[in-house]
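Asker: Residues per chain, in single letters:
Protein chains: 2
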Amino acid sequence: MKVSVIVIGDEILLGQVTDTNSGDIARHMAPYGWEVGDVQAVGDEADEIRLAIDRAFELSDVVLTTGGLGPTKDDITKGVMRDYFGGELREDPAVLDNVKDVVSRRGFRINNLTAAQAIVPTSCRVIQNRVGTAPIMWFEKGGKVLVAMPGVPFETREMFTSEVFPQLRGKFKTDVDIEHAVLMVTDYTESALAEKIAPWEEALPEYLHLAYLPKPGLIRLRIDGAHRDRDFIASEVKRAAGELAAMLGDAVIATEDLTPAQILLQRCRELGLTLATAESCTGGNIAHELTLIPGSSDVFAGSVVSYSNDVKMGLLGVERETLEANGAVSLPVVREMAEGALRAVGAHVAVATSGIAGPGGGSEEKPVGTVCMAAAVTAPDGMTVCEAETHHFPGNRQRVIEASTTRVLIKAIKLLRAM
Amino acid sequence: MKVSVIVIGDEILLGQVTDTNSGDIARHMAPYGWEVGDVQAVGDEADEIRLAIDRAFELSDVVLTTGGLGPTKDDITKGVMRDYFGGELREDPAVLDNVKDVVSRRGFRINNLTAAQAIVPTSCRVIQNRVGTAPIMWFEKGGKVLVAMPGVPFETREMFTSEVFPQLRGKFKTDVDIEHAVLMVTDYTESALAEKIAPWEEALPEYLHLAYLPKPGLIRLRIDGAHRDRDFIASEVKRAAGELAAMLGDAVIATEDLTPAQILLQRCRELGLTLATAESCTGGNIAHELTLIPGSSDVFAGSVVSYSNDVKMGLLGVERETLEANGAVSLPVVREMAEGALRAVGAHVAVATSGIAGPGGGSEEKPVGTVCMAAAVTAPDGMTVCEAETHHFPGNRQRVIEASTTRVLIKAIKLLRAM
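Chains as they are written, first to last, in the UniProt record's numbering: chain G, 1 to 419; chain E, 1 to 419.
Everything labelled a hint here was simulated from the structure, so no lab data went into it. It is possible that some hints are incorrect.
Since the list gives no way to pick out one identical chain from another, each pair is judged satisfied if it fits inside one copy or across any two copies.
As the list claims (entries may be wrong) - When the alpha-carbon atoms are kept at most 27 Å apart in a straight line, the in silico DSSO-like pairs for lysine-lysine are as follows:
1) Lys173 to Lys2
2) Lys366 to Lys173
3) Lys73 to Lys196
One chain only, chain G, in its complex shape (with noise of 0.2 Å):
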C-alpha cells in the first residue's frame, strides 16, 4: 500500500526546520507493508497545498499531511482543507475540553489564539489530539483518504502510531506480506562491497530487493522481500541473509538493524560490563549517541570530557610528558585516556578520541580530519587491552565527529569479540 506525504510549511522550504515526520512515518508503516510512496514539501501558500493535494491523490489513495496546523496566522492548512473538502468552519467542543486539558497539563492557561484550535471544518472526523492543541482530522473524497496531523514531530510520532495508522489498516486491508533483513557491515567501502556481492546481487530472485545504505565506516544492507506466501518469504529472506553473512564474515557486525551504540551496549550488557567514554574532538557526541538509547544507564557509567589540557591531566590522569611529546592528537595520549576513563569512572571498557575537527587546527603533519582513538577493556583477570590507531576522516566538522563516534563504537565492538 502507497501512501503520498505532503509536509506543509514554509520553515521546512527555508531550511529552518528538517522534516523528520515522513521518515519517522515511513519506519513504522514498513512492517506491515505499507510504504511511503513520495513526499512533497511545500511552503503555508493555499494554492501550492491544494496542488500538492490533487497529486497526492492521482498517486494514492491515502495521503497524510503534517504542519501548518498551528494557532498562529502563518497557519493556514484548515482553512485550505475546508475549501477542498467542503463544509463549514464549527467549533468542537470535545476538540475545545482537549485543548483545556493538554493546555493545563503544560501549566499555561487557554488564550484567545490556542481555543481557535477547536474550531475545524464540518467534512472531517476529528481524532482527538492527547498530546498537543492542534485536532487532528480525516477527509474522505470518493474512498480516498487524507488525514492532516500537526507538524511537531513528537506529536506526530505519538497519534500517527496509537491511533492514525490503526485506523488506516482497519479501512484498507492489503493481502502482501513483507519480510527484511538487515546485515551492519563495516571495513568494506560501498562500492568494494557491491563489487565483491555483485554476482550473487545479479542472482537475487525479483521478490528480493538488496538496498545499500552507506553511513561513514558502516555500511547498512537490508534485503527486503515481498510475497503472497508468508512462509516462503521469510525462509527466502533468512536464506539470502545467511548466505550474504556467510560471505562478508567478521566484516558484520550485527543481524539487526542496531547503531554501532545500541550494539555495544548490547554487547556490554551480555556480558556484565560497564562502559565510559574520555572525548576530546567528539566532545560528548559519544556519550550522547549513547545516552540517547533507552535503558544505557545500566551500562554506561559516564565520561569525561577533555576539550583542554588541564581536564586530560586533571581527571583522566594524562602524563604531562606524554602531552608535551607527542602532542594532544597521538596514539599515546588516547591510549592514557582510554585507560584514565576506566579508573576516573570506574568502568570495565572505554573508548576516547582526540583528533582536529576542524575548521581551524589543522597543520601539514596532523591536517584538519586527524582523529587518533582508542578502546580499551579490563579483563575478569585484571588485565587491560588497549588498541589505538589513527584515522584520517573527510568533511566538515560535523562529518569528523560523526564518524569518529562510528569508528571508535566499531573498535570497542571488534574488542569485545575477543572477550
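Fit chain E to the known structure of chain G by using the hints.
Answerer: Frame of chain G, contents of chain E only:
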C-alpha cells in the same frame, strides 16, 4: 527566484535517512533572495523520477536533484537523465581522473564500479565533484536548468555553495532585494507570544512578513522584507525588529539567528570566561552542542557526564548525604554538580542537569520528564552564584534531552546578564 528540489532515493522514502540537503540548499540561497519553492522526495524508480522532473519544470526554471548517483545497481538517476535529456553515455576522461584522485586521497584503489562513475550523458555539462566520486551534471532544456547532485550531504553542501549556486546566479539574474532580521525569544509559548504581538503583526505592511519557529523553550521570530529599493527595505526591516525587541524586552536573548549554545559561547568569550558542563540526564548532549560549534575550544574546557552516582561523587564531589537525602534528581544535587564542575574542570561557568529522560525511571513524585538543572558562575571577586530550578518536559527521551539542553543553556545566558 524559485527553485524546485527533487530528493531521490529509496532510503529517504523508507525513512532510513533524513533529507538534510534541501534545507542546506535553502539556507544557503536565502540571503540572495533565492527560495526553495517545493521539495519532492521520490524512490529510485525511473517513472517516479521522470514525473517529478516534469512537475518541477512546471513550477520552476531551476531544478536541483540530489541522490541516486552512487556506484551501486540501485542508483539509476544517471540513466534516467540520459533518457530525459537525450544524448549518449560516454566515459569522460576528466571525470575519470577526478574519481581516481578522490579515491586515492581516501586511501583506496579504484575498482570497476567506481570507474563507472566517469560515464556521463553527452547532453550534460559536467561540474567536477572535488570531494566525491559522483560527477555533478548540468542539463539545459528550453532555457530551464536541471542540476543533478550527489546525495551525500557534505558533498552536496560543498559543491553547491562553491560551484553550482554561483553558476546558477550567473545564468539567472534577479533584482528584488531581500532583507531579514531575527529575534530569539524565550519565556513565551507560541500562542502567548502571538497574542501579545497580534495588533502589531496585523499592521505590518505587505512587504514585511513575520514567521514563528517554535522550539522547546525558545521561539525564533523572523522578519522578512522584499522590495526593489535596497535601502528602503533594509531600514524597514530594522525598524520592525527594533519595535518587536522593545515590546518583548528581556525575553529577547539574541538579535541574530543563533542557537543557545552559540549565544552562551559568545557571551563567555566577551567576558573572558571558560565553560564546563556536568551532565546526568542530558548525557553529554550539552557538551556535544557546544563543541559542534567551530572555535568553541577557546571557551569550552570540558565536561563530566556523571550517569552513575559514583561518578557524581568521585569526579564532581557531590556529597553522599546530599544524594541519599534528596535523590539524584534534586535541586541540591544539581547545585553540587554545577559547583563541582567549576572545580573539577577548572572553569568560570558551569551548567548541570539531572533528570528522568524516560521511558523508564519515573515515579509518582518525579515522573518522566522531571529535570533539575543549575547554572553556576564564579564572579571576578571569587564569589560563586548558583541558580537551580526544576522543569517538567513533555515528550520522549530525545525531546526531554533536547529541551533540557536548551533550557539550561538559556539559564546560563540569563545568569551572565547580571555580570
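Asker: Check the structure against each numbered hint from earlier and tell me which ones fail, lowest number first.
Answerer: 2
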